[in-house]
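Letter by letter, the chains look like this.
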Amino acid sequence: MDARPTDPIDQGEVVYRHSGAVRATHWINALVLLVLLMSGLQIFNAHPALYLGSKSDFDAPVFAMRPMMHDNKIFGVTTVLGWDFDTTGVFGLAGDENGHDPRGFPWWATLPGYQDLSLGRRWHFFFAWLFLFNGLAYLLWSLGSGHLRRDLVPSGRELKHIGASIWDHIRLRFPKGDEAKRYNVLQKLSYLTVALVLLPLMLLTGLAMSPGMDAVAPILLDIFGGRQSARTIHFISASFIVIFVVVHIVMVLITGVWNNLRSMITGRYVIAPAEKES
Amino acid sequence: MSSGNGLDRRGFLARGLAAAGTTLLGGCDPLSEQPWVRRILDSAETLTRVTQRALLTPSDLAREYSEADLSREFKANGSTDPDDAGYKAHAASGFANWKLQVGGLVGEPLSLSLDELRAMNSRTQITRHDCVEGWSCIGKWKGVPLSALLERAQIKPEARYIVFYCADDLGETGTEDGKYYESVGLADAFHAQTILAYEMNGETLPIPHGAPLRLRVERQLGYKMAKYVMRVEAVDSFAGIRRGRGGFWEDLGYEWYAGI
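As given, the protein sequences belong to chains R and D, one line each in that order. Positions 92 to 369 (the numbering used here) are the ones given, in order, by the first sequence. Positions 72 to 331 (the numbering used here) are the ones given, in order, by the second sequence.
Among the hints, erroneous ones may be present.
Partial chain D-side listing against chain R, Cβ under 10 Å, derived [claimed, not checked]:
hint, residue
1, Arg120
2, Val306
3, Ile331
The following residues of chain D were derived to be distant from chain R, with all beta-carbon distances above 12 Å [claimed, not checked]:
hint, residue
4, Leu127
5, Ser184
6, Leu185
7, Gly205
8, Lys213
9, Pro216
10, Ser218
11, Glu222
12, Glu229
13, Gly293
14, Ser308
A few chain R positions that, by computed beta-carbon distances, are all more than 12 Å from chain D [what the hints assert, rightly or not]:
hint, residue
15, Asn163
16, Leu210
17, Phe217
18, Gly254
19, Arg262
20, Asp269
21, Leu287
22, Ser330
Just so you know, these hints were derived from the structure itself, not from any lab. Here a beta-carbon is modelled for each residue, glycine too, at the ideal position from N, C-alpha and C.
Turn these sequences into a full structure, and let the hints guide you.
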């Protein structure tokens, strides 16, 4: 782990890491996803329960956040596949200035903060269109410019050495020198999964919840196993995106926050010197 | 880069991020109430409506299900027992003397009893009811196609919307202004699955579900499907009705086009 710089040129090498298109679509997407998440939780709060299939079996949600009475006390209970968890103060029953607020997600997680389904829908669908336009721009540009093939699709060699990459990540050892000029295999696979699987899945499961789109393309219902399943998958997929963003931000923080942020703002990235192999 | 300079920049960035966070958490609420923000957000409804209208042909049907798919418990939302003297009197007599009024921009205004509506050609469909809140129930509906009523009433060419006036005072204002109402465009009014239902799950439509007559507009959300329909009116614009947005929930901020 001794990475004492011996060569000042190595230390200062600056590469142009992210193209303008990637930087612009990245930040637009970041803002759009934040608004979609928070307005989505506002919409979820209107009926904070999830089901499987075409219809809602109100007695047996696969997931629910609700206030419940127990021994004359009120609790916030989160139910997952029949298991109840006490989540008082956060989910199902959040604290607010009035004491107790029976709602799925707390005020700080929703847009708007107070309960207003119609306003949440307005935010959600406006930003859903932005999400679509921005996503299409990114995908078309990535295909046309070769970004997808050149920077994101892992090579066979990289896939073979994925075990080594995972081991390096566990030990918090990150690529240096020439290796740091491109995404490592785990980055490639995570970015591909988000861009080509999770985000398109959000759009398609979102459309599957639209009665109008279901009449246009009934196959949406068949793909996801019914409207309520689509709603559940929408929620799970959003949760995976939240997990991705958390890991992404942690990685940005521990691999040099200012260098990473600058590279996503100006494009310029300083390469850490390669370790001298002895 | 000197370290002092770097720290300043870091301080600036950190303050920027903190400000952005505060704005996003607390600032969006007042932002939501700015008329210009609302106008921008509301513009998405037009985009959605135009897009879905372009994609939806008259022959595109909402999925129809089988008897086995029927919900055991079909949730009754909104009003479940209208507190209106006239309505209660009709309900007490099983709507025997009740009549549906069809008027507005029509050549032949109609006044039809339940028996007369039942004597008309009917359509039966098992469809999914999608509430704006997120849940879905599946029910079986039998009723008169709205198109048949509008043709019988000789709807005029200048008519563009069909408005439904209801008996329930969901706004609880105690006046006509608080009563539920809805409107649909002609594309939905003449759609094959758009019916005024008098039966649900093989029985006379129960009061919690909108007796004697409820609208079904299967390619839109539940709030479009007005219950307790008393009067149907063909109009060229709904701008002059109540708050001018075309429906009870629409007047409170919900989309007039509820296809999503």
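Each hint tested on the structure:
1. Arg120: holds, 9 Å
2. Val306: Hint on Val306/D: violated, closest Cβ of chain R at ~23 Å, above 10 Å.
3. Ile331: holds, 4 Å
4. Leu127: The assertion about Leu127/D is violated, with a minimum of 6 Å to chain R.
5. Ser184: Ser184/D is indeed farther than 12 Å from all Cβ atoms of chain R, at 32 Å.
6. Leu185: With a cut-off of 12 Å, Leu185/D remains clear of chain R, as the shortest Cβ separation is near 28 Å.
7. Gly205: For Gly205/D, whose nearest Cβ neighbour in chain R is about 4 Å away, the distance does not exceed 12 Å, so it is violated.
8. Lys213: Holds, because the least Cβ-Cβ distance between Lys213/D and chain R comes to about 19 Å, which exceeds 12 Å.
9. Pro216: At about 17 Å from chain R, Pro216/D clears the 12 Å cut-off, so the statement holds.
10. Ser218: holds, 17 Å
11. Glu222: holds, 23 Å
12. Glu229: Label holds. Min Cβ-Cβ 26 Å, cutoff 12 Å.
13. Gly293: The claim is violated: Gly293/D sits with its nearest Cβ about 9 Å from chain R, within 12 Å.
14. Ser308: Ser308/D is indeed farther than 12 Å from all Cβ atoms of chain R, at 22 Å.
15. Asn163: At about 28 Å from chain D, Asn163/R clears the 12 Å cut-off, so the statement holds.
16. Leu210: violated, 5 Å
17. Phe217: With a cut-off of 12 Å, Phe217/R comes too close to chain D, as the shortest Cβ separation is near 4 Å.
18. Gly254: Non-interface label on Gly254/R holds, nearest chain D Cβ at 36 Å vs cutoff 12 Å.
19. Arg262: holds, 28 Å
20. Asp269: holds, 24 Å
21. Leu287: holds, 24 Å
22. Ser330: holds, 16 Å
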